[in-house]
Amino acid sequence: MNDMRMENRVDAQTVKIEARKAQVFYGTNHAIKDVDVDILDKTVTAFIGPSGCGKSTFLRCLNRMNDTIPSCRVEGKITLEGEDIYDARVDPVQLRAKVGMVFQKPNPFPKSIYDNVAYGPKIHGLTRNKAELDEIVESCLRKAAIWNEVKDRLQAPGTGLSGGQQQRLCIARAIATGPEVLLMDEPCSALDPIATAQVEELIDELRSQFSVVIVTHSMQQAARVSQKTAFFHLGHLVEYGETGQIFTNPKDPRTESYISGRIG
Amino acid sequence: MNSDQHIRSAFDRDLEAVQALIMKMGGMVEAALNDAATALTQRDEELAARVRAGDAAIDALEEQVQSECARLIALRSPTATDLRTVLSVMRIASSLERCGDYAKNLAKRVSVLVTMAPVGGSAGSISRMAKSVQVLLKDALDAFIQRDADAASNVRQSDQEIDQFYNAVFRELLTHMMEDPRNITAAMHLHFIAKNIERVGDHATGIAEQVIYLVTGDMAEGDRPKANSLTAEEA
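If you read the protein sequences in the order shown, they are chains A and B. The numbering of the first sequence is the working numbering, which starts it at 1 and goes up by one. The numbering of the second sequence is the working numbering, which starts it at 1 and goes up by one.
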């Protein structure tokens, strides 16, 4: 399937994250079964599937967010640029600086807008002085397309912004540590259509710098923002392919049923 | 193919409605072709007039199909097979509308031809050609409604018979014109009729290709067989 939209063409073929036979267990519950996937660099990859299919669980494996759940066990191999992220020598905090995450509900820190963005670079020691920090804060707020709205009130609390602004602030915070991959777990589900469109536009811009992986319940959103789509069902990765192909001519009948609204 | 029901039943109703419109349109076009061919052999001007008048209804139906499809895309965002169904319905509607125009044109020429002397048995050959094309169109539409890619493939293969038919009629008319120049006006009309019927055959093939796309998700591959044996000087 040739995608005619130039800007949406999957042009980067470098594999950023590679998962082989990934398994996730919550206690005895086998939540993710034998998932093999190559996430490409500078590409938006969408994970779709019905509730409970494991798409968020798998997303959280990619920056070891599941480590925080005691009963959760991950098997198989997941590598970031060839390096096993579950290796004992990998520091999850450093990993999460490289693989940033944006959550479903905007969750700014109860601090100023400035500090929300500055927090990551500060604790990771990414800057030497205030001027550099100011620069990072401004550039991240600009990249997150919120600079013009907040530049005059950087010291105001982040929680005082509107929902859509808060979510863009969280995206600015996530990219402040200079990540290589950005994971987004339903980043627009709490936003109105305008804010959603702004965040989607932003995702498309961020793609030139990072690999973006987005979990979404909105199939239209997956179709709009992603170049690659993965369909999960009952813990299996059923189909993974170019987004245009998945939405016009899916190969697996389960994908077809799901995207055309026949199974929930 | 997916024959399961949608969770939203209104979606199924909409999809069925546009397909029902296509089948209705197909029936009208087939009848128009058939009647026009009969009018040609029977030299029945009244029947030809009815075919001419009937084209407006086909055009109106095409417009209705296109706007229903636009509405369906806007409101339901169809994907996968549903999307391919809507796309093929839109293309088939355009093809059928064109075929209706050819039938109308045939009927118009019949009104002229009845005022002239018949050109040998050419009207009969052309009428038989029209009836085979009508069968081809019917088979293509049956393949559509049954989602039968094999049947569609057969239609695609059979179009070469129509091409052969056309080549034979072309030679026949050429002979009549060379024999007696007074036949030229009538023969030219008959030739346009034959050419238009041949075009209807191409549209039937196009519909069959849409069916293949609808069922398999891929455009029909390879050149379709053509029986174009006219030499350069003849063509």
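Honestly, the hints are just simulated from the structure, not real lab data. If you're wondering where the values come from, they're calculated on a predicted model, not measured in any experiment. Please note that a few of the clues may not be correct.
[What the hints assert, rightly or not] Pairs of lysine to any residue, SDA-like flavour, derived with a Cα cap of 20 angstroms:
#1 A:K251 with B:V215
#2 A:K251 with B:H6
#3 B:K131 with B:L83
#4 A:K98 with A:H124
#5 A:K251 with B:A220
#6 A:K251 with B:D218
#7 A:K251 with B:G217
#8 A:K42 with B:E45
#9 A:K251 with B:K131
#10 A:K251 with B:E161
#11 A:K251 with B:L83
Within a Cα-Cα threshold of 20 angstroms, do K251 (chain A) and E161 (chain B) meet the stated pairing?
The hint is violated at about 35 angstroms.
K42 (chain A) and E45 (chain B): Cα distance at most 20 angstroms?
Distance ~69 angstroms between K42 (chain A) and E45 (chain B) Cα, so the pair is violated.
K131 (chain B) and L83 (chain B): Cα distance at most 20 angstroms?
violated (33 angstroms)
Given the hint that K251 (chain A) pairs with H6 (chain B), does the C-alpha gap stay at or below 20 angstroms?
Distance ~19 angstroms between K251 (chain A) and H6 (chain B) Cα, so the pair holds.
Straight-line alpha-carbon gap K251 (chain A) to A220 (chain B), limit 20 angstroms:
holds (17 angstroms)
Against the 20 angstroms threshold, does the CA-CA distance of K251 (chain A) and G217 (chain B) hold or violate the hint?
holds (9 angstroms)
Run the distance test for K251 (chain A) versus V215 (chain B): straight-line Cα separation, threshold 20 angstroms.
The given pair, whose Cα atoms are some 12 angstroms apart, holds under the 20 angstroms limit.
Pairwise hint evaluation, K131 (chain B) against K251 (chain A), where the allowed Cα distance is 20 angstroms at most
violated (39 angstroms)
Holds or violated: K251 (chain A) and L83 (chain B), Cα atoms, limit 20 angstroms.
holds (15 angstroms)
Under the criterion that the straight-line Cα-Cα distance not exceed 20 angstroms, is the pair K251 (chain A), D218 (chain B) satisfied?
holds (12 angstroms)
Between K98 (chain A) and H124 (chain A), is the straight-line Cα distance small enough, at 20 angstroms or below?
holds (11 angstroms)
Checked against the numbered hints given earlier, the structure breaks hints 3, 8, 9, 10 and satisfies all the rest.
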